[in-house]
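Work out the full structure, taking the sequences as your base and the hints as a guide.
Residue numbers (full-length UniProt numbering), protein chains in the order written: chain A, 1 to 282; chain B, 1 to 282; chain C, 1 to 282; chain D, 1 to 282.
What the hints contain is simulated information worked out from the structure, not anything from laboratory work.
Some clues are possibly wrong.
The calculated lysine to aspartate or glutamate pairs, modelled on EDC-like cross-linking and capped at a C-alpha distance of 20 Å, are [stated by the list, open to error]: (1) Lys39(A) <-> Asp76(A); (2) Lys250(A) <-> Asp38(B); (3) Lys250(B) <-> Asp38(A); (4) Lys10(B) <-> Glu49(C); (5) Lys270(A) <-> Asp38(A); (6) Lys208(A) <-> Glu268(B); (7) Lys39(C) <-> Glu51(B); (8) Lys270(C) <-> Glu49(C); (9) Lys107(C) <-> Asp246(A); (10) Lys201(A) <-> Asp234(A); (11) Lys208(D) <-> Asp234(C); (12) Lys185(B) <-> Glu224(B); (13) Lys107(A) <-> Asp234(C); (14) Lys146(B) <-> Glu176(B); (15) Lys10(C) <-> Asp38(C); (16) Lys250(C) <-> Glu110(A); (17) Lys181(C) <-> Glu133(C); (18) Lys185(C) <-> Asp226(C); (19) Lys185(B) <-> Asp226(B); (20) Lys250(C) <-> Asp234(A); (21) Lys245(B) <-> Glu83(D).
Please read these numbers as outputs of a predicted model, since none were measured by experiment.
Spelled out, the chains give:
Number of protein chains: 4
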Amino acid sequence: MNHIILINCKDRAGIIRAVTSFIFESGGNVVYLDQHVDKDAGIFFMRIEFESSDNFETMRFKANFESKIGLPYQMDWSMYSPETIPNMAIFVSKYNHCLYDILSRYKSGELKVNIPFILSNHNDLRYISEQFEIPFYHIPVTKENKAQAEYEQLELLNRHKVDFIVLARYMQIVTENIISKFTNKIINIHHSFLPAFAGAKPYHAAFKRGVKIIGATSHYVTEELDAGPIIEQDVVPVSHSHSIKDFISKGRDLEKIVLSRAVNLHVERKTMVYNNKTVIFS
Amino acid sequence: MNHIILINCKDRAGIIRAVTSFIFESGGNVVYLDQHVDKDAGIFFMRIEFESSDNFETMRFKANFESKIGLPYQMDWSMYSPETIPNMAIFVSKYNHCLYDILSRYKSGELKVNIPFILSNHNDLRYISEQFEIPFYHIPVTKENKAQAEYEQLELLNRHKVDFIVLARYMQIVTENIISKFTNKIINIHHSFLPAFAGAKPYHAAFKRGVKIIGATSHYVTEELDAGPIIEQDVVPVSHSHSIKDFISKGRDLEKIVLSRAVNLHVERKTMVYNNKTVIFS
Amino acid sequence: MNHIILINCKDRAGIIRAVTSFIFESGGNVVYLDQHVDKDAGIFFMRIEFESSDNFETMRFKANFESKIGLPYQMDWSMYSPETIPNMAIFVSKYNHCLYDILSRYKSGELKVNIPFILSNHNDLRYISEQFEIPFYHIPVTKENKAQAEYEQLELLNRHKVDFIVLARYMQIVTENIISKFTNKIINIHHSFLPAFAGAKPYHAAFKRGVKIIGATSHYVTEELDAGPIIEQDVVPVSHSHSIKDFISKGRDLEKIVLSRAVNLHVERKTMVYNNKTVIFS
Amino acid sequence: MNHIILINCKDRAGIIRAVTSFIFESGGNVVYLDQHVDKDAGIFFMRIEFESSDNFETMRFKANFESKIGLPYQMDWSMYSPETIPNMAIFVSKYNHCLYDILSRYKSGELKVNIPFILSNHNDLRYISEQFEIPFYHIPVTKENKAQAEYEQLELLNRHKVDFIVLARYMQIVTENIISKFTNKIINIHHSFLPAFAGAKPYHAAFKRGVKIIGATSHYVTEELDAGPIIEQDVVPVSHSHSIKDFISKGRDLEKIVLSRAVNLHVERKTMVYNNKTVIFS
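Here is the structure:
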């Protein structure tokens, strides 16, 4: 059996020793350890993977870990089994490239999630859900029906026990209520190298500014638009010879790769969030 | 003999034919041609290199070109000999990496310019000017002496017939007066991927925002700070494990490479500016 | 109407003038021109796009171009309409990522081709052809049936008037006979930065060598394995912490992007081949 | 006081716990830990930095560490103080860009080494040694004087207590004898993305093959030419429009950056070598 523990706490001497000793004494064998100390903030972060025998009692381990390590060190910690497959909802609008990329990875077993449904404010991409045989819900959002739409979205998320949400070019703002229920559990892809060109039409803005690189940024969604903790970014060179249409075309490839990398990092429990930034374990 | 012509004008049919025919009939042989049409703006850009016999009469060619091509097509055009070596002034403050990089390229013949002097508002880098045997002028700039400092700077620029200025991490704002006298002839290096993190302390801002890439941007200086036409940009990946000091260290390598690329493009007459953007010929 | 002309010929003075004059006099308006001279080989290459009125007589233009320009300059030239959609066959084996990527681009209209069929030596990916409703032909290849398999492949290629073939991770060698019938018309993706790690299992070889970057290369297929003209390459950084499985996973993203870029360049008539190298127009 | 320990040993359970416990009990506070397990080879690697009080007895610590940890776990380990500045010799021939880059970093305090001398088989770069006031030794190497040249080189290396050697485009093969005395202590820069284009004239070979990226590789020198453990690699895109001269020019920038990164990693004790590969700690 394999286990993953994510830890953050106030930095102090002896944490690694304490944790690795506890795991060792509990019969575990550490196979991966990555840690980070933010010296300015005085915070310690660690991701540990360890193996155990198959009759390892996870519940008992967790109780003991909390009393002997978690509490004394005032840790914020969580423990996962890599075998647990999370439920991932996908929100889309009209662009299909990110959706296709995610679903093809899902279908080929590259992306280890369940996808209970695809939700959209438009019907344009329903055909893809049919291609991949995944339920599709059309919930249009207008000024008038916002509360009702949110209610329907939440009902779906609850009913399907959704663990996290991927906004695969969902061109609609997610409500504060949903954001607060899914803190650091909504992943968005923005089509610029943030913080440059936040907001609408970033390729148009990039073209107007005459930049020589364009980018894409995946981040956790917070209430402030395009300002959440960044998970992954990448860029591609452009030149004066490229039109806005070329920017959009080159950007599509970036967006889908950068989003999928972020989703994978989240699924593999390799992300931690603090101070509106991320620690991304290797 | 080799000649370079840079052209921009309102786009219309037949420009390439007209120019290449004129060169052909004048005894020239086009060895390079790159053109670009900005369809939104309706502007045509072209860079042509052609060879001629050694008894080619450049003055007569220019006069004829103006009357037969330039005027009819209402061109903004200029003609250069690649053998003409421009005079390049360097402005620095306290950081030495860009200065060292430029001077070592200069010394080894990689960068084809004359460097009549290095100007600084501090004395810290005088030792490098001595290492490379280039005159160094120390002109401190304070609130009180601004006018006098500008006067001294202009006197130096005029006396040495400076063609263009490189701000190799010059941490002082160049005056409007100098900018207006050297339009599109002052090259700055800014240590971020503009338009993100314009202004002071971009590495600190990038660190605070938690970006996963940092960049550097070389651009022509305009009155608006860090908002001039971008010549060249590049980026390097960073992670949570990098401190601000690491950002600065990685950034140094970017800055010097990105600045030197821009300087070379300018020297080789491969840049054109319009609408606060650049066309960079290959 | 838009037209594309691709030209290569021995380099000499006046070619651009001659071609642009001819187009001008035939009522065309050049909207794009990119040219390249290989000085060592003494060869001139050009790609021109021009607009014409809708009653432009293409046949007559081509005949005149050949007699007045093509013959005198001993050109190898061809002319295309961007509206002509080529027929592209896809050959696959068991890996699905490149196939999914191509088909999703095709389905969304990003890739302007017809796909008459998918051919495979295995049945594993038949389900994808069904998802996208494209005919699937299973032609196993063994030592014994090679001639018969080639016969069936050629029959399919001829019957469907296939213009070019994409090997989207086809793990089987295409026969010399087919290669000779589709010279510079078969595009392969190899999962290394060629010429490093040609042949089988490049990720394993890269892992063993301890490289810090891995790559992917799309190229036209020639008789010599993995040695044809390179169209596009890209790389991604790796470290000691990545396993062969990680290399393969990172490589998948590279492969599909690099292959799709090459296919697009081919479809847009932006590639020319000479001396086992490519000219890629912008 | 700060201390760095590098460890490698056969992988087994409890190593991290044992080491961190020992450091904790010795009064140290771990501020950085990075570890790697090569599962195929069954080898464990770790780099630890810890702080101690200023009256920490390093000698006693080392003796105890060896008896209580090193011996029982059969570790290959070493301990360093970051304050110890190593002696680095530079070997060059005629190209100056890597030398200039290293010396400017050295002069500005970015590179924390002593440089007792520069050695060359030519006199071309003597002027740079004078610019930077570093002793320069000219030891020509011919077929006839090989033994004598090696003797002089070794005498210099011994007399100046050289810790490691940087071949900054030294176009001469270092003798087996010197390599064996400086195992994993000679850093070379090769101007290709190895293993592609090993040996002489890699830019010419890359041009001939028509690659779309060129690269540079820094590696430890072993007896087999260009086949030692790779420390760092990077690449830059090229196109058909670039000549061999352009490749060389673009390559210069890569070479100097890639070499300097490798030198810094070595100086900061972030490299470990096994099975002709490197582990590079973050």
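How the hints compare with the structure:
1. A threshold of 20 Å between alpha carbons decides the hint, and for Lys39(A) with Asp76(A) the separation of about 18 Å falls inside it, so the pair holds.
2. With a C-alpha separation of about 19 Å, the suggested pairing of Lys250(A) with Asp38(B) holds against the 20 Å cut-off.
3. A distance of roughly 19 Å separates the Cα atoms of Lys250(B) and Asp38(A); the hinted pair therefore holds under the 20 Å criterion.
4. At roughly 19 Å between alpha-carbon atoms, Lys10(B) and Glu49(C) fall within 20 Å of each other, so this suggested pair holds.
5. For the hint pairing Lys270(A) with Asp38(A), the CA-to-CA distance comes to about 17 Å; that is within 20 Å, so the pair holds.
6. With a C-alpha separation of about 25 Å, the suggested pairing of Lys208(A) with Glu268(B) is violated against the 20 Å cut-off.
7. At most 20 Å may separate the alpha-carbon atoms for a hinted pair to count; Lys39(C) and Glu51(B) meet this at roughly 14 Å.
8. Under the criterion of a C-alpha separation no larger than 20 Å, the hint pairing Lys270(C) with Glu49(C) is consistent with the structure, at around 11 Å.
9. Straight-line distance between C-alpha atoms of Lys107(C) and Asp246(A) comes to about 19 Å, which keeps the hinted pair within the 20 Å bound.
10. Annotation: proposed proximity of Lys201(A) to Asp234(A) holds, straight-line Cα distance about 18 Å (limit 20 Å).
11. Distance hint between Lys208(D) and Asp234(C) is fulfilled; the C-alpha atoms sit about 19 Å from each other, no more than 20 Å.
12. A distance of roughly 15 Å separates the Cα atoms of Lys185(B) and Glu224(B); the hinted pair therefore holds under the 20 Å criterion.
13. A threshold of 20 Å between alpha carbons decides the hint, and for Lys107(A) with Asp234(C) the separation of about 26 Å lies outside it, so the pair is violated.
14. Of the pairs offered as hints, the one joining Lys146(B) and Glu176(B) holds, with about 12 Å between alpha carbons and a cut-off of 20 Å not exceeded.
15. Proposed proximity of Lys10(C) and Asp38(C) is supported: the alpha carbons are some 10 Å apart, at most 20 Å.
16. Our distance criterion of 20 Å between C-alpha atoms is met by Lys250(C) and Glu110(A), whose separation comes to about 11 Å.
17. Between the alpha carbons of Lys181(C) and Glu133(C) the distance comes to roughly 28 Å, so the proposed pair goes past 20 Å and is violated.
18. At roughly 15 Å between alpha-carbon atoms, Lys185(C) and Asp226(C) fall within 20 Å of each other, so this suggested pair holds.
19. Between the alpha carbons of Lys185(B) and Asp226(B) the distance comes to roughly 15 Å, so the proposed pair stays at or under 20 Å and holds.
20. Straight-line distance between C-alpha atoms of Lys250(C) and Asp234(A) comes to about 14 Å, which keeps the hinted pair within the 20 Å bound.
21. Between the alpha carbons of Lys245(B) and Glu83(D) the distance comes to roughly 18 Å, so the proposed pair stays at or under 20 Å and holds.
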